[in-house]
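Chains as they are written, first to last, in my numbering: chain D, 19 to 410; chain E, 17 to 474; chain U, 39 to 217.
Please note that a few of the clues may not be correct.
With a straight-line Cα cutoff of 27 Å, these simulated DSS-like cross-link-like pairs (lysine-lysine) come out [unchecked claim]: (1) E/Lys-378 to D/Lys-189; (2) E/Lys-299 to E/Lys-378; (3) E/Lys-299 to E/Lys-317; (4) D/Lys-174 to D/Lys-189; (5) E/Lys-33 to E/Lys-210; (6) D/Lys-189 to D/Lys-397; (7) D/Lys-265 to D/Lys-397; (8) D/Lys-141 to E/Lys-350; (9) D/Lys-299 to D/Lys-141; (10) D/Lys-391 to D/Lys-174; (11) E/Lys-49 to E/Lys-216; (12) E/Lys-317 to D/Lys-265; (13) E/Lys-317 to E/Lys-378; (14) U/Lys-54 to E/Lys-210; (15) D/Lys-189 to D/Lys-391; (16) U/Lys-191 to E/Lys-33; (17) E/Lys-317 to D/Lys-189; (18) D/Lys-391 to D/Lys-141.
Derived by calculation from the structure, the hints in this document are not laboratory data.
Everything numeric in this text was worked out from a predicted model, so none of it was measured.
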Amino acid sequence: MNPQARTFELPERFRTLTTVFAVIGGAGLLLGAVLAPERAWLNLLLGGHYLLGLALGALFFLAITYVSGAGWCVVLRRVPEALTGTLPVGTLIMVAALLIGVSGLFPWLELTGGAEHHDVGFKTVWFGVPFFLARAAICLVIWLGFARAIIANSRKQDEDGDDDHTRNNIKLSAGFLVLFALSVSVASFDWVMSLEPDWYSTIFAIYYFSGIFVNALATILVLLVWLRWRGILVDMVTEEHLHDLGKLLFGFTTFWMYIWFSQYMLIWYANLSEEVVYFVKRTSGAWEPLFLANMVVNWVVPFFFLLSRGAKRNERVLFRVGVVLMIGHWLDLYIMIFPSFSPTTPPFGLWEVAGALGTIGILFLAFAWQFGKAEYFPKRDPFLAESRHHHQ
Amino acid sequence: MADLYSTLRQPLIAGNKSLGEVTNDVSGVLERKTSPLWWRAFMASLLFLLIGAAAITYQVATGIGTWGLNRTVGWAFDITNFVFWIGIGHAGTLISAVLFLFRQRWRTSVNRAAEAMTIIAVMCAGLFPLIHMGRPWLAFWMFPYPNMRGSLWVNFRSPLVWDFFAISTYFTISLVFWYVGLLPDLATIRDRAKAGIRKKIFGLLSLGWNGSLRTWNRYEVLYLLLAGLATPLVVSVHTIVSWDFATAVIPGWHSTILPPYFVAGAIFSGMAMVLTLMIIARKVMGLEDYITLRHLDVMSKLIIVTGSIVGLAYATEFFIAMYSENPYETFLFKNRALGPFAWAYWTMVLCNVISPQLLWFKRIRRNVAWVFVLTILINVGMWFERFVIVVTSLHRDYLPSSWTYYTPTLIEVLTLLGSFGLFFTGFLLFCRFLPVIAMAEVKGVLSHGHRSVRSGSR
Amino acid sequence: MDSSSAIHGYVAEFEKAEQLVAATRRTRLAGYRVFDAYSPFPVHGLDEAMGHPRTILPWLVFLGGLAGGVGGYLLQYYPHVIDYPLNVGGRPLNSWPSFIPVTFEMTILGAALVAVFGMIILNGLPQHYHPIFNLERFERASQDRFFLCIETKDPKFNKTETREFLLELGASEVSECEE
Numbered sequence: 019m020n021p022q023a024r025t026f027e028l029p030e031r032f033r034t035l036t037t038v039f040a041v042i043g044g045a046g047l048l049l050g051a052v053l054a055p056e057r058a059w060l061n062l063l064l065g066g067h068y069l070l071g072l073a074l075g076a077l078f079f080l081a082i083t084y085v086s087g088a089g090w091c092v093v094l095r096r097v098p099e100a101l102t103g104t105l106p107v108g109t110l111i112m113v114a115a116l117l118i119g120v121s122g123l124f125p126w127l128e129l130t131g132g133a134e135h136h137d138v139g140f141k142t143v144w145f146g147v148p149f150f151l152a153r154a155a156i157c158l159v160i161w162l163g164f165a166r167a168i169i170a171n172s173r174k175q176d177e178d179g180d181d182d183h184t185r186n187n188i189k190l191s192a193g194f195l196v197l198f199a200l201s202v203s204v205a206s207f208d209w210v211m212s213l214e215p216d217w218y219s220t221i222f223a224i225y226y227f228s229g230i231f232v233n234a235l236a237t238i239l240v241l242l243v244w245l246r247w248r249g250i251l252v253d254m255v256t257e258e259h260l261h262d263l264g265k266l267l268f269g270f271t272t273f274w275m276y277i278w279f280s281q282y283m284l285i286w287y288a289n290l291s292e293e294v295v296y297f298v299k300r301t302s303g304a305w306e307p308l309f310l311a312n313m314v315v316n317w318v319v320p321f322f323f324l325l326s327r328g329a330k331r332n333e334r335v336l337f338r339v340g341v342v343l344m345i346g347h348w349l350d351l352y353i354m355i356f357p358s359f360s361p362t363t364p365p366f367g368l369w370e371v372a373g374a375l376g377t378i379g380i381l382f383l384a385f386a387w388q389f390g391k392a393e394y395f396p397k398r399d400p401f402l403a404e405s406r407h408h409h410q
Numbered sequence: 017m018a019d020l021y022s023t024l025r026q027p028l029i030a031g032n033k034s035l036g037e038v039t040n041d042v043s044g045v046l047e048r049k050t051s052p053l054w055w056r057a058f059m060a061s062l063l064f065l066l067i068g069a070a071a072i073t074y075q076v077a078t079g080i081g082t083w084g085l086n087r088t089v090g091w092a093f094d095i096t097n098f099v100f101w102i103g104i105g106h107a108g109t110l111i112s113a114v115l116f117l118f119r120q121r122w123r124t125s126v127n128r129a130a131e132a133m134t135i136i137a138v139m140c141a142g143l144f145p146l147i148h149m150g151r152p153w154l155a156f157w158m159f160p161y162p163n164m165r166g167s168l169w170v171n172f173r174s175p176l177v178w179d180f181f182a183i184s185t186y187f188t189i190s191l192v193f194w195y196v197g198l199l200p201d202l203a204t205i206r207d208r209a210k211a212g213i214r215k216k217i218f219g220l221l222s223l224g225w226n227g228s229l230r231t232w233n234r235y236e237v238l239y240l241l242l243a244g245l246a247t248p249l250v251v252s253v254h255t256i257v258s259w260d261f262a263t264a265v266i267p268g269w270h271s272t273i274l275p276p277y278f279v280a281g282a283i284f285s286g287m288a289m290v291l292t293l294m295i296i297a298r299k300v301m302g303l304e305d306y307i308t309l310r311h312l313d314v315m316s317k318l319i320i321v322t323g324s325i326v327g328l329a330y331a332t333e334f335f336i337a338m339y340s341e342n343p344y345e346t347f348l349f350k351n352r353a354l355g356p357f358a359w360a361y362w363t364m365v366l367c368n369v370i371s372p373q374l375l376w377f378k379r380i381r382r383n384v385a386w387v388f389v390l391t392i393l394i395n396v397g398m399w400f401e402r403f404v405i406v407v408t409s410l411h412r413d414y415l416p417s418s419w420t421y422y423t424p425t426l427i428e429v430l431t432l433l434g435s436f437g438l439f440f441t442g443f444l445l446f447c448r449f450l451p452v453i454a455m456a457e458v459k460g461v462l463s464h465g466h467r468s469v470r471s472g473s474r
Numbered sequence: 039m040d041s042s043s044a045i046h047g048y049v050a051e052f053e054k055a056e057q058l059v060a061a062t063r064r065t066r067l068a069g070y071r072v073f074d075a076y077s078p079f080p081v082h083g084l085d086e087a088m089g090h091p092r093t094i095l096p097w098l099v100f101l102g103g104l105a106g107g108v109g110g111y112l113l114q115y116y117p118h119v120i121d122y123p124l125n126v127g128g129r130p131l132n133s134w135p136s137f138i139p140v141t142f143e144m145t146i147l148g149a150a151l152v153a154v155f156g157m158i159i160l161n162g163l164p165q166h167y168h169p170i171f172n173l174e175r176f177e178r179a180s181q182d183r184f185f186l187c188i189e190t191k192d193p194k195f196n197k198t199e200t201r202e203f204l205l206e207l208g209a210s211e212v213s214e215c216e217e
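Work the whole structure out from these sequences, hints included.
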């Protein structure tokens with residue numbers, strides 16, 4: 019009844035191009051490590067957040083669809099699964115960024131190093147380097163473990179067709195979601211918010227999460243459309259599936275805007291000196307246009323382009339909006355990370371180009387590697403029939 | 017149709033009902049004679065409502081001085097009750113709009129009652145700011161219109177004005193959403209009624225609905241659009257309620273996480289209230305085939321989700337208070353957990369964070385008595401959450417000489433009881449005179465799921 | 039023709055939703071144009087079977103939302119910037135972040151009210167009279183039966199042929215509905 023599934027290989031020209039990107043990225047940042055260590059490190063950190071966030075966002079997508087018993091997305095599940103599979107790559111980059119960071123670049127190191135001008139407070143303990151690294155290790159191990167187990171169950175089902183794999187994944191997903199909420203909170207405070215060590219915002223973890231999830235949805239859509247243009251999953255993934263993903267993307271970009279606005283408005287309104295510093299930096303000088311562009315790229319564009327029903331069912335529109343959002347997430351992270359080191363001018367040069375190209379190259383190579391490991395769709399999933407006959 | 021569904025799916029409606037049976041089961045409740053049980057419940061609720069009305073009359077005639085407020089604690093019971101009731105309402109919109117968008121078809125059995133609950137809860141909530149004004153007859157000053165008071169405008173920079181717009185929009189939209197959903201069912205009642213006053217009333221209410229295809233077509237588009245509009249609306253309402261606090265510079269109130277945290281808390285408490293009401297309603301009205309154990313199970317899961325978000329928000333606030341190394345923030349949170357209102361704080365933690373963890377067990381989720389008790393605890397806990405946020409943030413402010421304690425007066429307690437009276441009176445009237453279950457929607461999902469499968473998967 | 043002016047059309051009654059969908063599709067294929075299907079709940083696939091264009095409601099709603107949003111912002115801009123500029127807490131007169139909430143609420147209100155009243159008006163409700171209600175059995179259209187009515191206004195309508203056609207579709211009963 020089901021068409022025969024097959025496995026994937028990256029087209030030759032595309033493989034060359036992405037490899038070149040990855041090499042440029044790697045070489046550029048290595049060179050940067052010598053010439054401009056701080057800039058290179060920031061770009062490494064940004065790339066780590068981008069790739070790790072993408073894999074985590076995809077894993078979150080898998081987990082919520084399992085837990086909610088969603089059947090519609092089964093035909094396209096191998097795409098988020100493959101993205102989740104890239105988690106070890108993002109982990110490696112993040113581990114490198116963190117290890118380099120604690121060796122002298124994280125701005126809070128002065129709190130833990132010499133305690134001359136600072137009383138021993140909460141941060142002195144919290145940012146003790148061993149404790150910091152232990153937290154990071156726990157987060158990464160949790161994510162890697164769940165990613166591996168959930169993907170393995172899904173792939174095993176292709177062979178034995180056992181419904182128990184689905185049941186197990188539902189349980190694993192519920193567990194993952196709980197630990198995810200905690201670990202992402204810790205990770206976002208430790209790895210992003212701490213770059214402005216005196217600043218704090220309780221919503222920050224949710225803000226970080228909304229960004230990675232939007233990016234995961236956008237990337238899933240972009241990859242899916244791209245695969246379909248290459249003749250893969252063409253008759254499996256229909257307009258209806260794209261429409262649903264489009265609706266999710268539309269909804270979550272608006273969610274991102276909501277969280278962004280909540281954070282901005284409350285800090286603007288209360289106008290407390292210890293809090294507004296964050297936005298003062300980001301709205302001063304040449305940062306301001308970027309600050310405004312962030313809203314346009316991440317919300318205005320997707321909102322108005324995806325508002326109509328037709329647009330959400332049109333793969334070209336979805337592809338373009340998806341690409342805009344992938345760039346938008348890079349910009350969002352850039353605005354989170356860079357101003358604390360360069361408060362007046364947004365630095366953009368060789369290192370940023372190398373970092374961005376490297377991220378894209380690695381993303382595609384890692385995705386292709388993972389997507390090639392299994393068949394195009396979970397051919398023996400108990401919900402496959404529902405998913406194939408999915409309509410509104 | 018059914019063989020498309022995975023064998024892991026179970027039917028949404030138990031008892032293998034036919035279309036006619038659905039109509040009879042639901043409409044039958046309205047067509048039978050009023051049961052003595054209903055009368056007893058109604059009279060009790062009405063009594064509470066009257067007590068509340070007397071209390072309100074007294075405080076409006078005498079003044080706000082009848083409350084236990086003082087210079088330090090200038091906001092307490094009134095705003096706590098307001099936020100509590102608004103929060104209760106949110107679950108109704110979640111079920112009717114958000115779950116509709118996510119195609120959670122089980123919602124059809126409970127959405128009508130949940131929406132009714134929303135409307136009544138918003139009415140209960142609206143009561144409190146109105147009384148708080150002290151001169152409720154001047155409430156129309158909240159409307160921005162050119163006037164003879166020197167053309168004095170409302171201050172749109174004030175979250176209290178945002179609140180006014182949010183609540184009135186929310187009430188309006190909830191009401192029309194509910195009414196639109198009722199239309200086809202009102203027609204059913206009309207068609208079943210023999211000629212007479214009943215037929216006239218329902219004929220009028222159903223606007224001459226005939227269920228033609230074209231009508232259904234626009235109706236479905238409308239329903240989808242309304243769901244799409246109500247979803248951001250419901251989020252915005254509790255968000256704006258949270259801004260009543262979060263825009264201030266008071267530690268404990270000014271926290272950026274408040275908007276999503278309040279929204280999750282609202283749905284958490286509302287879902288608990290829906291479950292409390294549904295557990296009673298299915299028993300009293302014999303609707304066990306429609307509101308099944310599976311419904312309790314799924315709604316309990318939603319309670320776990322939203323409750324965990326609330327728990328995470330508690331933890332985040334506590335953590336950031338320490339992390340900020342801001343002495344006022346740190347003091348505030350220590351004072352919450354260990355100060356004179358520690359009893360309220362720990363009641364909140366126990367009811368909202370600890371006891372709901374029992375719902376992780378399927379056996380408890382499917383046990384009516386357990387779920388009933390746990391949801392009542394959550395309702396208590398969520399009331400205390402608002403009390404803790406409002407009162408503990410105020411009672412020990414920057415100036416230790418003005419530190420004080422707050423105790424509600426009898427009038428305040430009676431007003432709260434009165435709002436419960438209003439709530440249950442309204443809900444009982446709804447149960448008696450309107451179809452409690454969305455018949456047209458239930459009929460649409462009858463063929464959903466596998467009937468033959470017995471194994472208790474998920 | 040004389041006697042047909044007194045009737046609204048022929049009504050076929052079905053017991054199952056699938057029968058109604060199939061019947062509607064065949065009626066359209068047979069060349070009938072002025073007919074309507076009635077059901078107790080929205081039946082999947084009927085839209086396509088009947089061949090209606092999509093409703094314009096979403097566009098009206100978009101305009102309603104736009105009007106509500108722009109109006110909502112102006113409602114705040116006018117008093118605070120033009121009519122009665124007042125420094126509150128040192129914030130700019132046009133403090134857009136604090137105008138967003140009301141603007142948002144008004145957007146939703148505008149869109150939703152247009153949606154509801156749009157549906158009611160486009161559907162011709164409230165409808166005081168409709169001939170289909172003259173059929174006594176039609177009271178079950180809102181309960182558990184599905185009806186298909188081919189109206190006399192249809193150019194292809196013919197008393198005997200239409201009745202036979204409807205019976206052929208598997209209707210459990212075909213009756214005449216008075217005007």
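Among all the numbered hints in the text so far, which are the ones the structure does not match?
16, 18
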